[in-house]
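Protein chains in written order, with this note's numbering: chain A, 1 to 139; chain B, 140 to 259.
Hints in this document: simulated from the structure, not taken from any laboratory. Mixed in with the good hints there might be a few duds.
The calculated label-pair distances, taken between Cβ atoms and stated as ranges, are [to be verified]:
hint: 1; chain 1: B; residue 1: 173; chain 2: A; residue 2: 87; range: 34 to 44 Å
hint: 2; chain 1: A; residue 1: 120; chain 2: B; residue 2: 232; range: 23 to 33 Å
hint: 3; chain 1: A; residue 1: 70; chain 2: B; residue 2: 176; range: 53 to 63 Å
hint: 4; chain 1: B; residue 1: 245; chain 2: A; residue 2: 34; range: 32 to 42 Å
hint: 5; chain 1: A; residue 1: 134; chain 2: B; residue 2: 148; range: 39 to 49 Å
hint: 6; chain 1: B; residue 1: 176; chain 2: A; residue 2: 71; range: 46 to 56 Å
hint: 7; chain 1: A; residue 1: 120; chain 2: B; residue 2: 245; range: 21 to 31 Å
hint: 8; chain 1: A; residue 1: 120; chain 2: B; residue 2: 143; range: 44 to 54 Å
hint: 9; chain 1: B; residue 1: 234; chain 2: A; residue 2: 113; range: 35 to 45 Å
hint: 10; chain 1: B; residue 1: 212; chain 2: A; residue 2: 88; range: 36 to 46 Å
Using N, Cα and C, we set each Cβ at its ideal position, and we do this for glycine too.
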Amino acid sequence: MPGEDVRVPINSDQDIILARQRGRSVAAEAGFSAVDATLIATAISELARNIVSYARSGEISVHVVQEAGRRGICITAMDSGPGIADVQQALRDGFSTSGSLGLGLPGVRRLMDEFLISSAPGQGTVVIAKKWKQDRQIS
Amino acid sequence: MEVPILKQGEFLIATIQAALSDADLEQLRMALVQRVVKFRSRAVIVDVTAMDVMDSFASRTLREIAQMIRLRGAETVIVGIQPEVAFAMVQLGLRLEGVGTALDLEEGLAYLNQKFKNSS
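Excised from the complex, chain A in its bound form (with noise of 0.2 Å):
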């Protein structure tokens, strides 16, 4: 299996786009749908923002999964950013610290299949999401 892993330094907008198209490369190369390429690229996005408007920089790792036979993409996030208080409301839709700009977590959450979050203040945040590969064919 092709070990695909993409890591992206996060520290601009411009880096936004490069985490994502880079992942979405790996997703399509891992088999995954053009439907489902786009919804991991945009959870990329999400995230990668996350850290540019929060953290000001971390890094975005995407690699390919294998587990109990299925094929999966996992997305992680990192940064050594302020961290979030209280994870739970941040998950929450319609909450935002920054004005009008919601941390779009739970938009994440919906987008992927397994979504982890570890995050204290002081401590940074990491983020770890999967989706895994439909190989089910609908009848």
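Go by the hints and put chain B onto chain A.
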């Protein structure tokens, strides 16, 4: 990357040609609002066919463009949202409330021509 804006009669057509950064989107917003004023345009079409992803920032900026242009008494139509992009937007809970949409540039122009046929 700057988005070219064409003046076609009473309308402006902005054609996004590649993925846009946040700064590019903000620049587009400013350029469109300024040109609507300058040319006294009645409507703006934003062609997003080439946009790979419509995330929360992009859709918020498009909504803002439409709102600003409406305050000038003009209308905005977004055309060319790709099916995958539309699917992702719905999953993400993003809406383009109050913004006109059409399938493609041709349909967008047909809609506006019909709408402004009797008033110009």
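Problem - Numbers of the earlier hints that this structure fails to satisfy, in rising order - result: Hint check: 4, 7 and 9 fail, others pass.
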